[in-house]
Amino acid sequence: MTPAEMEALKAAFEMHQAMNVEVFYWWCTAIMFMIHAGFLAYEIGASRVKNALASGMKNILTLSVVIPTFYFFGWWIYNAFPGGLVPADAAFALPWSTSMGPDVQDMGTGIFWAAFALFGATTGSIMSGAVIERIRLSAYLILTVLVGSVVWILAGAWGWHPDGWLLLDLGYHDVGASGVVHAVAGFFSLGVLMNLGPRIGKFVDGKAMAIVPHNLPMALIGLMLIIVGFFGFLGGCIIFNGGETGWTTIYGNPTNLSAFAFNTLMGFAGGVIGAYLTSREPFMTMSGGLAGIITVAAGLDLYYPGLTFVLAICGGLTMPLVGKMVEKAGIDDAVGAVAVHGWCGFLGVVLVGVFASGYPNTPEGAPEITFMGQFIGAVVMAITGFIPGYGVSLLLSKMNMLRVPPKVEEAGLDLVEIPALPYPERVPARDIVEGTQPADEASLPANGALSS
Amino acid sequence: MNSSPITSWEGAAAYFTFADSPAMIAILCGLAVAGFIGFMATIIKHEKDAFDKHED
Numbered sequence: 001m002t003p004a005e006m007e008a009l010k011a012a013f014e015m016h017q018a019m020n021v022e023v024f025y026w027w028c029t030a031i032m033f034m035i036h037a038g039f040l041a042y043e044i045g046a047s048r049v050k051n052a053l054a055s056g057m058k059n060i061l062t063l064s065v066v067i068p069t070f071y072f073f074g075w076w077i078y079n080a081f082p083g084g085l086v087p088a089d090a091a092f093a094l095p096w097s098t099s100m101g102p103d104v105q106d107m108g109t110g111i112f113w114a115a116f117a118l119f120g121a122t123t124g125s126i127m128s129g130a131v132i133e134r135i136r137l138s139a140y141l142i143l144t145v146l147v148g149s150v151v152w153i154l155a156g157a158w159g160w161h162p163d164g165w166l167l168l169d170l171g172y173h174d175v176g177a178s179g180v181v182h183a184v185a186g187f188f189s190l191g192v193l194m195n196l197g198p199r200i201g202k203f204v205d206g207k208a209m210a211i212v213p214h215n216l217p218m219a220l221i222g223l224m225l226i227i228v229g230f231f232g233f234l235g236g237c238i239i240f241n242g243g244e245t246g247w248t249t250i251y252g253n254p255t256n257l258s259a260f261a262f263n264t265l266m267g268f269a270g271g272v273i274g275a276y277l278t279s280r281e282p283f284m285t286m287s288g289g290l291a292g293i294i295t296v297a298a299g300l301d302l303y304y305p306g307l308t309f310v311l312a313i314c315g316g317l318t319m320p321l322v323g324k325m326v327e328k329a330g331i332d333d334a335v336g337a338v339a340v341h342g343w344c345g346f347l348g349v350v351l352v353g354v355f356a357s358g359y360p361n362t363p364e365g366a367p368e369i370t371f372m373g374q375f376i377g378a379v380v381m382a383i384t385g386f387i388p389g390y391g392v393s394l395l396l397s398k399m400n401m402l403r404v405p406p407k408v409e410e411a412g413l414d415l416v417e418i419p420a421l422p423y424p425e426r427v428p429a430r431d432i433v434e435g436t437q438p439a440d441e442a443s444l445p446a447n448g449a450l451s452s
Numbered sequence: 001m002n003s004s005p006i007t008s009w010e011g012a013a014a015y016f017t018f019a020d021s022p023a024m025i026a027i028l029c030g031l032a033v034a035g036f037i038g039f040m041a042t043i044i045k046h047e048k049d050a051f052d053k054h055e056d
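Chains A and B, in that order, give the protein sequences. Here the first sequence stands for residues 1 to 452, numbered as in the working numbering. Here the second sequence stands for residues 1 to 56, numbered as in the working numbering.
Wrong hints could be hidden among the right ones.
So the derived label-pair ranges between C-beta atoms look like this [unchecked claim]:
1. B/L31 with A/F375: 41 to 49 Å
2. B/T7 with A/V228: 43 to 51 Å
3. A/H16 with B/I6: 20 to 28 Å
Computed list of lysine-lysine pairs in DSS-like fashion (alpha-carbon distance at most 27 Å, straight line) [what the hints assert, rightly or not]:
4. A/K324 with B/K45
5. B/K48 with A/K407
6. A/K10 with B/K45
Don't read these hints as lab results, they were simulated from the structure. No residue lacks a Cβ here, since even glycine has one placed at the ideal position from N, Cα and C.
Let the sequences and hints guide you as you build the complete structure.
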């Protein structure tokens with residue numbers, strides 16, 4: 001082979017390598033849409049009939065507000081704030097930069113931006129389920145932009161960026177986003193729920209009442225779709241490098257999809273088993289799959305799969321208990337988002353400190369993984385989520401912009417603001433909520449769908 | 001409207017519409033932001049109208 005032929009072969013190889021990087025993240029992003037298909041199904045199913053479409057509308061619009069705002073300022077925040085709250089120069093990530101559009105010579109920016117935008121939309125969807133049936137759509141979308149295009153990505157800049165202060169100062173390790181996505185979104189949701197208040201009828205004389213899903217099978221299928229989407233999400237957390245480097249984590253240490261495959265599946269199985277043991281209930285058991293993966297996500301690259309399984313069982317076991325504690329505190333988290341994402345995300349970051357201390361980090365000067373580094377990192381994630389969620393929802397509440405009026409809530413959001421019916425030929429929800437047809441004459445299943 | 005920033009694909013880099021015109025990019029970016037804000041304002045108005053109508 002002549003030198004010229006070798007050069008041509010090398011150029012072709014490098015081009016195909018760059019194309020493979022794009023192909024990988026393209027499909028990760030596509031699979032991540034499954035997360036939103038799942039949230040759509042499970043929140044519609046978890047709602048009562050009278051709010052089914054309004055809940056779904058929130059999920060559809062989540063993507064439509066996070067994607068553009070992540071383009072306008074989210075990507076810039078990630079690149080400008082790894083050092084803390086003072087922005088560094090990241091003009092290349094501003095929407096008017098030539099980097100932020102089709103460029104023959106840039107086979108990376110767009111595909112990474114897309115994956116991160118979908119991570120952001122996931123944080124909005126995490127909150128979405130918690131606040132169903134009484135939040136104003138406009139308030140929800142404002143809060144979604146805040147968590148999806150500002151708050152989580154600020155935490156991501158600190159805990160994921162190669163120059164992030166949590167990594168460089170504390171050795172923070174969170175490869176699968178237990179902290180930067182799940183803990184942030186879970187604690188953000190907690191802050192919102194504290195100002196939003198419970199649904200009418202949720203607490204009677206201080207006792208929590210069951211407001212059960214109108215379509216539990218749909219909710220379960222939705223949860224399983226979220227699990228499918230997690231494979232795109234977790235794949236997007238790995239760096240597909242060109243050259244001789246191969247796969248690395250977002251922190252630059254070597255890993256591979258095999259490591260993630262072992263531990264993602266063992267985490268799912270352990271979480272399901274754990275949640276079943278403490279709940280015996282299908283919605284919680286299926287949520288346990290999420291809880292298990294989130295509990296082990298921060299250390300997916302490091303754990304022995306047997307350890308992953310045990311840790312995920314612990315996450316699944318404790319998740320329903322934390323959910324009950326939240327409820328006992330008078331907080332109406334309709335789908336357990338605080339327990340599944342907030343608690344298990346927090347726990348996941350801390351567990352890396354317990355079981356994976358001593359692993360080295362690759363950036364020069366970055367300390368190794370330590371318990372204190374992980375614990376402080378987890379607290380930072382929780383606070384970074386909670387404060388803006390609580391503060392902005394309090395402001396919206398004071399402006400009477402957070403919650404729908406009581407009459408609207410009692411009638412159902414679909415009737416008032418959605419020009420469509422979910423089941424026009426099956427369940428005469430409109431007649432029932434207007435009082436023209438008693439529920440017991442409508443042959444409704446005794447599922448509490450019209451309990452309020 | 002000639003929006004092409006390139007006259008040849010040879011050596012092309014950023015080639016999207018108006019890539020060589022910062023003023024046009026600023027205008028289009030402003031329009032995109034305005035469209036988004038308008039969408040949010042429309043939702044707030046729709047909610048208010050729907051809630052007022054129901055309460056009446």
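Discussion item. Taking 43 to 51 Å as the stated bounds, is the beta-carbon spacing between B/T7 and A/V228 within them?
Written reply: 46 Å, holds
Worksheet item: Within a Cα-Cα threshold of 27 Å, do B/K48 and A/K407 meet the stated pairing?
Response: Distance of about 13 Å is within 27 Å: holds.
Worksheet item: Between A/H16 and B/I6, is the Cβ distance one that fits in 20 to 28 Å?
Response: 25 Å, holds
Fill in: Restraint status (C-alpha distance of A/K324 to B/K45 at most 27 Å)
Outside the cut-off at roughly 37 Å; violated.
Worksheet entry | Outcome of range test on Cβ distance (B/L31, A/F375; 41 to 49 Å) | Given about 47 Å between the Cβ atoms, the range holds.
Worksheet item: Going straight from one Cα to the other, do A/K10 and B/K45 come out at no more than 27 Å?
Response: 59 Å, violated
Checked against the numbered hints given earlier, this structure breaks hints 4, 6; the rest are met.
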